[in-house]
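**Student:** As a plain string of letters, each chain reads:
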Amino acid sequence: MTFAETKIADAFSIYGETIGSRLLLGTSQYPSPDTLRRSVEVSGAEIVTVSLRRESSGDGKTGQRFFDLLKSFGARVLPNTAGCHTAREAITTAHMAREVFETDWIKLEVIANDDTLQPDVFGLVDAAEKLTRDGFKVLPYCTEDLSVAQRLVGAGCQVLMPWAAPIGSARGLMNPYGLKTLRAFYPDMPLIVDAGLGAPSHAALALEMGYDGVLINTAVAKAADSVAMAVAFAKAVEAGRMAYWSGIMPPRDMASPSSPVAGLALL
Amino acid sequence: MAKIDIIGAGAAGMWQAFILSRRGHKVTLYDPAGTPSQNCASGCAGGMLGSYCEGEPGHEEARDLGLEAMEIWKEHYPHLKLNGTLVVASPRDVADLQRFAAVTQGHTRVGVDEISALEPALEDRFRDGLFYKDEGHIEPFVALEYFIREAAAAGAKLVAEAWEETDADVVVDCRGLAARDHLKTLRGVRGERVVVDCPGVTLSRPVRMTHPRIPFYIVPWSNNQFMIGTTAIESDDRGPATLRSVTEIMAAAYALIPALGEARIAFMDADVRPSFPDNAPRIIIGKTQSGRPRLYVNGLFRHGFLLSPILAKITADYIESGVKAPGVLLEDHGEW
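Top line first, the protein sequences correspond to chains A and B.
For the first sequence, our numbering assigns the number 8 to the initial residue and increments by one for each residue that follows.
For the second sequence, our numbering assigns the number 20 to the initial residue and increments by one for each residue that follows.
Chain A extracted, bound-state conformation:
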């Protein structure tokens, strides 16, 4: 198999849909819709997320122009419930999003605290159960906590989106051990690191660990050059994924010479 063929064969799937790009992009905080469009184009992202809540003040239709713009990118639009603090709010927002975007996929966020943007895992599980019953395909923004993951899977979620660090914090993978454990516990479940990545190396690390993808927003949107940063993340994601299936050398305590030491000339 050539490298290009391997890349194609390496696609993953979410709720039965094949996804070619392991980089997902959020769409808020860009300098302009034009910069957003170019960033999505160069990133190769096939899924872009959008907050219905912030962009739909009023009757829910006034953000239509922005939504039309997102639809024109050709990527799948994944609405989220950002800004919702209770299961009920999130459920209402999800139903609105289903109508506006004609999709039953929902990136479920229930926020516990405005300063940390930490998920409210109780509200999350509650909303995930109800939305799954209502026919939604739920992609939950969660922590790396295994018990929460089990509840979400029990609620019908077929993909998990654990944070690396608080949203927008750019701190990278704060609990690599927890993320590795989650990966090991769910070897076949699509797992996407959702929040807190700042540098492309953070994204590469998540992919090297075997995570199926990463979702980036602020790190690209607020870069001095968003378009170039989108390329940087795309390359990091590709490098991380290639490294994962190429077999990464485990660290060792002692040096191991790469050249043979036997047979040196005796001088």
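Calculated from the structure, these hints are not laboratory results.
Every residue gets a Cβ at the ideal spot worked out from N, C-alpha and C, and that includes glycine.
Please note that a few of the clues may not be correct.
[What the hints assert, rightly or not] Covered stretches of chain A, going by a simulated chain B footprint (3 or more residues, C-beta under 8 Å):
| id | stretch |
| --- | --- |
| 1 | 40-49 |
| 2 | 72-83 |
| 3 | 229-237 |
We have chain A already, so just place chain B on it with the hints.
**Tutor:** Here is chain B on its own, set in the frame of chain A:
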């Protein structure tokens, strides 16, 4: 000397009326909502002339035009305040301030002593800040009234009615989002603000606070009034401000200056800023139904007051001598 109809009496239209009438053209300014217009995005502005602060990545064009525009403001507006802009961050958000410093120009780093010397109302609560000394601010409605009056004094005729085609040589269309009937790519970016009365607090200049969720600013107006703003939401909704938005910006203001907790709320409102997809301003050369030149001055986004003077100058130069400004003044090929 040309006969020129200007449609729309917001910031863009009033500057056009002022510059063109002062250059000796026969100007008529139309707006069914009055002159100045009582129904325009400019009426909901803060009045910051932040040529550098607004020059974040992706807005370099606005910054460069803004620097030229500032010179015109200085030349023509006696009530311009040139005290600069102060940007501060609370200790936990210093990373946002560092980012802002890295992506904007025209500032110096200031510490706690300089911050409290510039704005005693901030006391010693902020350790890190940026001072943009060459920025200014105005009061939107005072400025609108001033330029309309000056335009009328220079011979401009003010008509509080909708425009219908006349025998004018050129039409300058400054209708903002209403021009979407011709410019299909225009969209609205909603902004919400609160204006408060607070006699006990004094600020000499606009103060911005960087914050991951609520980047906001406060602009001192006359008579102890302060304008607190403002959101930037991708939405065409012109409805009243929402509880969430005003709660966020008022909480941020209170965090900036606790004494504002006792301020009286004068009013709160919201409107949408006309914007092109790249958020850059443009003058687009189109035609009226009878084939006369129709210049659309539009897409001023967050920079309505800041950029209107330079766009008026470019328009006037084009009308008089056909000079084109690359990147700003463009032929209409139907792409807008």
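**Student:** A separate judgement is required for each hint: does it hold in the structure or not?
**Tutor:** Status of each hint after checking the structure:
no. : hint    : verdict
1   : 40-49   : holds (count 4)
2   : 72-83   : holds (count 3)
3   : 229-237 : holds (count 5)
When the structure is compared with the earlier hints, no violation turns up for any of them.
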